[in-house]
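These protein sequence lines are chains E and Y, in that order.
So the first sequence is numbered by the working numbering: it starts at 1188 and just counts up by one.
So the second sequence is numbered by the working numbering: it starts at 44 and just counts up by one.
Since the hints were made in silico from the structure, they are not lab data.
All clues given are correct.
Selected chain Y positions facing chain E (Cβ under 8 Å, derived; list incomplete):
1) Leu93
2) Pro119
3) Val124
4) Glu130
5) Phe134
6) Pro135
7) His136
8) Thr145
9) Ala146
10) Gly148
11) His149
12) Arg191
Every residue, glycine too, gets a C-beta built ideally from N, C-alpha and C.
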Amino acid sequence: MDWAALRVSLWLGAGTIAILLPIGVWFGRLLAIRRFRGKLLVEALVTVPLVLPPTVLGFYLLVVFGARSPLGQAFQTLVGQSLPFSFMGILLASAIANIPFVIQPIQRGFEAIPSDVRDAAACCGLTPWQRFLRIEVPLAWPGILTAAILTFAHTLGEFGVVLMVGGNLPGETRTLSVAIYDRMQAFDDRSAGIMAATLLAIAVATLMLTTTLARRVSLPRG
Amino acid sequence: MADRVLSVKLRQPAPIPLDVEFTCDPGDVLAVFGPSGSGKTTILRSIAGLYCPEHAWVQSGADTWTDTAARTFAPPHRRAVGVVFQEYALFPHLTARENVMTALGHRRSGERKARADQLLDQVHLSEHHDRRPRELSGGERQRVALARALAREPAVLLLDEPFAAVDRAVRRRLHDEIDELQRTLDIPLILVTHDFEDVVRLATHLLILEQGRSIARGALPDLTSRPDLPWLRESIGLGSVFNARVARRDAERGLLALSFDGGTLVASEHALGIGTRVRVRIAARDVILATSEPQGLSLHNALPGTVSAVNADRALDHVVVQVAVGGVLLLAEVTRDAVARLGITAGTRLYALVKSVSIGVIPESGA
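When you get a sec, could you build the whole thing from the sequences and use the hints?
Listed below in structure tokens is the structure:
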């Protein structure tokens, strides 16, 4: 069992959620309630990572993160470390790959709130922030929760993008999924089996947690 | 009291055409009446600050809420406005009490719960305060919405089709409650509706809207007795609405005598006490005109009056005759032939004949 890989995987999952959830709530809500020109295009762009083969996405991210790109150079100067083949690199790549998994459920969650209910909250004297925290977030909660769980599960399983951008550095970019592949290549079936079972257990546990939380949230509302 | 008058001017060519201007005094109920899509709800939204037309001016007492000329626009949460939305728009994740408490942000947190319960009791929802909207009936939800609208201690109360989603029995009870509330609140109340029963029951004033433009506005008896409102004629049929009082009740013969500003009317029996104030509506189609007092008819009401206006517009298939009976103006719809035969013109003295069963009697509660 590669504990370092498990740690990298869990940190990657948690980090991706931490980066994406605030952005997802802000942007998903925007897409749900605002009408603006080019909205269809934006919605299509948001979905692109979903349909793009992970290796293709990984390739482009490598190009964008690379030492010759402005982003890669800026990161190098600021952090003193290159993005490709680092944890920061796979975290950023994971965040980009997971955009559709976060935005879409959150957008649907906010879309499900009738506009009358938002108007009523304003007419009750609630400021925009109070409306957001006391009315909108509780009502969109199932969508936000789904987004977090999907992202976490998807990050644990992400293979192509991580391998392309991060390679296979132990303790840095080797996630559990990559480690399983690595072990299989070395004919170490036993280790691969343990780690596969671990991922399976985590997946089942996440699903059970989702169901429980979703039920607790939706029970009072029916 | 006069400092809480609501004044509204709204004008824009598109996307929703609007051209209205009105005021509403505290204690008055202004019904905004018109077909769906005529801009009724947009007017309410403009008052609440949920919408801002191109040219708009909304003033409540001394507070200017919207003035597009001066670039003034107060957001909805800074306007003392209570709104009952069409489908109530209750917060589904909160209980009835919490729904009302949401609008009590101006109160100290310690007293909100008690105040919410008090408001719910006031709208006659004495139980189920802990239930969520989906566990309440339509009428109960309506009451929660009303309590929530009142919780802000609004300077204006706006009701958007508040009875559309409840059955007739509940509707009658809610009519009574809103009527009762209006007597105690003393603020302007704007009621948007497409059901004339609501208007007759609750409104003191009426604004008739067609494609965003107000085609008539005024006190209810004045407007309903105008012979020249084709729109009103086509939609609900013309008919005067005026106030009366129960003078006598003859349960044995099934009759009710109503005194009004112009004499006495006999209507069919209603279980109403003597002295009860009522609203009377007489449809123009149910009024017959006679130049002499008829004899030998089953009729109870032969009201002597004078023709005050005649609308013989060619576009109409009938002639609308307005007859002054004392201080009340009745409308009668008669054929062109009848007008010619009887020689009816303005000033003609005649009798307006009304069957007692044709008189609509609507009690005003709490009076």
